[in-house]
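Numbering (this note's numbering), first residue to last: 322 to 675.
No lab work stands behind these hints: they were computed from the structure. Note that beta-carbon positions come from the ideal geometry of N, C-alpha and C, so glycine has one too. Warning: the hint list may mix true and false statements.
As the list claims (entries may be wrong) - Straight-line C-alpha distance at most 35 angstroms; calculated DSBU-like pairs for lysine-lysine:
(1) 526 with 508
(2) 655 with 407
(3) 332 with 537
(4) 537 with 389
(5) 504 with 468
(6) 407 with 389
(7) 526 with 407
(8) 526 with 468
(9) 655 with 389
(10) 407 with 508
(11) 537 with 508
(12) 537 with 504
(13) 468 with 407
(14) 526 with 655
(15) 407 with 504
(16) 655 with 468
(17) 526 with 537
(18) 504 with 526
(19) 508 with 389
Stated by the list, open to error - Label pairs and their computed distance ranges (CB to CB):
(20) 572 with 412: 50 to 58 angstroms
(21) 488 with 414: 19 to 27 angstroms
(22) 550 with 340: 53 to 61 angstroms
(23) 346 with 655: 23 to 31 angstroms
(24) 575 with 343: 30 to 38 angstroms
(25) 632 with 550: 14 to 22 angstroms
(26) 537 with 340: 47 to 55 angstroms
(27) 499 with 423: 33 to 41 angstroms
(28) 418 with 377: 32 to 40 angstroms
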Amino acid sequence: MNMANSHLPSKALFDQWQALRGEQPRLRAREAAAQLAVSEAELLACRLGQGVLRLNPDWAQLLPALEKLGRVMVLTRNEHCVHERKGHYRETSVAANGRMGLVVSADIDLRLFLGEWASVFAVEDESPRGTLRSLQIFDQQGVAIHKVYLQDDSDLSAWQALLEQFQQAEQSADLALQPLAEKAPGKADSEIDSHSLREGWAALKDTHHFFALINKHGAQREQALRLAGSQWAEALPVQQLVSAMEQAASSELPIMVFVGNRHCIQIHSGPVANLRWVGDWFNVLDPEFNLHLHMPAVASLWRVRKPSTDGVITSLEAFDADGELIVQLFGARKPGVPELTGWTALVEALPVEA
């Protein structure tokens with residue numbers, strides 16, 4: 322990220338932002354930050370005292386407190402895909418070491434990697450629809466990790482209590498941002514024991530062990546798919562991602578949609594219905610679930626099969642040109658339950674890449 326303006330006093334940055342908003346009133350904070358060459362967290366920090374309150378990043382206490390807000394909308398995104406889900410925080414837990422967290426409910430389902438969560442702000446913005454209230458969490462680079470938006474039926478008294486309980490005594494705009502560590506160069510295909518990788522893959526009993534398997538072999542995720550062989554992974558034309566979602570929608574087949582970044586994975590489980598293109602963006606626009614996927618960024622798509630004690634689990638995995646995972650699709654299922662036969666049939670019928 323270009324941090325060229327990071328030395329600016331917060332007042333100067335605030336003035337620049339207001340001027341930009343005057344020129345482009347519909348500009349979102351993420352795009353404004355990019356134009357001003359600062360992080361999105363810095364853009365919020367320059368507004369402290371003007372609809373923005375900095376909170377203590379006490380994740381073990383703060384995250385369970387979100388359950389009291391009632392029905393909310395949660396948003397998690399990466400560079401190419403935005404996942405929005407309405408529901409309730411329930412069964413929120415943080416590991417004793419403070420590095421992992423979970424939110425597990427039928428509507429809001431999150432996997433939280435808390436090690437580099439750095440700052441959190443409560444935000445109140447005025448809009449034609451009224452006051453928009455949100456909790457926004459950022460990493461050590463000032464990049465948004467996860468956001469929680471109150472809804473019309475959220476509990477405002479719980480919101481006020483949360484602000485009082487967690488507000489920082491000193492409302493400092495200093496974020497102590499750190500540069501992102503350079504990604505270690507990956508191994509060449511010839512340096513990876515493909516035979517051993519395939520043996521380990523065939524021996525999987527739980528799909529959650531897949532990450533440990535590829536780490537053991539020093540393989541990047543997409544590289545592992547490429548080396549696994551067609552029994553376990555096959556490249557598909559990228560447009561088959563849209564086709565799969567359209568078929569799932571037309572048959573009312575419940576699916577699981579995973580979208581994440583380095584710090585948070587957000588999951589929707591259930592059917593999708595209202596699919597719509599807006600320019601280059603493919604969208605799900607359902608009452609409880611929205612997805613916004615920038616299709617030109619999808620450089621490759623894979624049909625992936627992983628053995629488990631519940632049978633083979635089949636997924637679609639979309640990657641960008643840098644090999645970063647954008648979105649994953651599964652058939653909706655619970656642990657201990659085999660994959661939906663309708664999902665298996667749908668995915669297995671998709672044509673491979675010519």
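Hint check:
| no. | hint | in the structure |
| --- | --- | --- |
| 1 | 526 with 508 | holds (26 angstroms) |
| 2 | 655 with 407 | holds (20 angstroms) |
| 3 | 332 with 537 | violated (49 angstroms) |
| 4 | 537 with 389 | violated (41 angstroms) |
| 5 | 504 with 468 | holds (26 angstroms) |
| 6 | 407 with 389 | holds (15 angstroms) |
| 7 | 526 with 407 | holds (32 angstroms) |
| 8 | 526 with 468 | holds (34 angstroms) |
| 9 | 655 with 389 | holds (26 angstroms) |
| 10 | 407 with 508 | violated (40 angstroms) |
| 11 | 537 with 508 | holds (12 angstroms) |
| 12 | 537 with 504 | holds (17 angstroms) |
| 13 | 468 with 407 | holds (12 angstroms) |
| 14 | 526 with 655 | holds (15 angstroms) |
| 15 | 407 with 504 | holds (34 angstroms) |
| 16 | 655 with 468 | holds (26 angstroms) |
| 17 | 526 with 537 | holds (16 angstroms) |
| 18 | 504 with 526 | holds (30 angstroms) |
| 19 | 508 with 389 | violated (47 angstroms) |
| 20 | 572 with 412: 50 to 58 angstroms | violated (30 angstroms) |
| 21 | 488 with 414: 19 to 27 angstroms | holds (24 angstroms) |
| 22 | 550 with 340: 53 to 61 angstroms | holds (56 angstroms) |
| 23 | 346 with 655: 23 to 31 angstroms | violated (45 angstroms) |
| 24 | 575 with 343: 30 to 38 angstroms | violated (45 angstroms) |
| 25 | 632 with 550: 14 to 22 angstroms | holds (19 angstroms) |
| 26 | 537 with 340: 47 to 55 angstroms | holds (52 angstroms) |
| 27 | 499 with 423: 33 to 41 angstroms | violated (26 angstroms) |
| 28 | 418 with 377: 32 to 40 angstroms | violated (19 angstroms) |
Of the numbered hints listed earlier, those contradicted by the structure are 3, 4, 10, 19, 20, 23, 24, 27 and 28.
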